[in-house]
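*Asks:* Single-letter residue listing:
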Amino acid sequence: DAGVIQSPRHEVTEMGQEVTLRCKPISGHDYLFWYRQTMMRGLELLIYFNNNVPIDDSGMPEDRFSAKMPNASFSTLKIQPSEPRDSAVYFCASGGGLSLAKNIQYFGAGTRLSVL
Amino acid sequence: DAKTTQPPSMDCAEGRAANLPCNHSTISGNEYVYWYRQIHSQGPQYIIHGLKNNETNEMASLIITEDRKSSTLILPHATLRDTAVYYCIVRAGPIIQGAQKLVFGQGTRLTINP
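These protein sequences, in sequence, are chains P and B. In terms of this note's numbering, the first sequence has 81 at position 81, counting the first letter as 1, and numbering is strictly consecutive. In this note's numbering, each residue's number is its place in the second sequence (first place is 1) plus 1000.
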C-alpha cells in the first residue's frame, strides 16, 4: 500500500483565498484524522471521521474550517477564507481496518500551508 | 487521557542504546502507552505500544514499570536516522469511545551524535 496520500505537499496562497487540502487514506481503514502542527501549539487534532461520519470536530478552530469525507477513500479539509494564522503543516492520518493493531494511526507526509 | 511528562531533549551517541523516559503517574487501568516519533519534515510514525507487559518489535523495546506509572522506550543501537522528536501518549484501548484520539505533547527531541 502507498500509505496515506496528501495533496498538495505545499500550498502558498493569499489571505482571503479558499484553500482545499486533500487526503486519501489507506484502503480498508475506517478512521480518518486531520491534524495541524505549528511551532506554538504543536500537533493538534482538528477532526476525525469513522466510516465517513464526523465523530469529533471539537478541534476545528472556527467556522472558516470545514472537513468532509464523501467516501471511504477521500477526504478534504477546506479553509475559507484563509488567514495568515492558518499557516501550518496539516497532516492526515488513517487507522483501523481489520488489523489487530486497530487503533494505530498512519500519517501522511503533510501539506505545508503558507497564507501570505 | 492521562498526562505524560517527558524530558524536552536528549542526546545519544551513535551505536549506543537510547533510553527515553516517560512519566504517566495518573494512568488508568484501561489505558495503553503508545510511542510515536516524528522525523524532521515528516508525519509522525508509530513505534510501539503496550498495556503492562514489556514489548519488543523491530524498531524498539518498551519497558513499563510494574505500577505502570512510567515507561522507557529503548532504541537498542541508535543510528543517525533515529534523530527525531519522540512522543509518549497514553490513552484508553480501542473499544472505548473517543480512544482513537491521539493527544500529542511536546515530546523529547532526541539527537543521535556521530
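It cannot be assumed that every hint is accurate.
Here are the simulated lysine to aspartate or glutamate pairs, EDC-like style, with alpha carbons at most 20 angstroms apart [as the list claims (entries may be wrong)]:
id, chain 1, residue 1, chain 2, residue 2
1, B, K1101, P, D30
2, B, K1101, P, D56
3, B, K1003, P, D30
If you're looking for bench data, these hints aren't it; they were derived computationally from the structure.
*Asks:* Now look at each hint and say whether the structure bears it out.
*Replies:* Structure-based check of each hint:
Proposed proximity of K1101 (chain B) and D30 (chain P) is supported: the alpha carbons are some 14 angstroms apart, at most 20 angstroms. Proposed proximity of K1101 (chain B) and D56 (chain P) is supported: the alpha carbons are some 9 angstroms apart, at most 20 angstroms. For the hint pairing K1003 (chain B) with D30 (chain P), the CA-to-CA distance comes to about 27 angstroms; that exceeds 20 angstroms, so the pair is violated.
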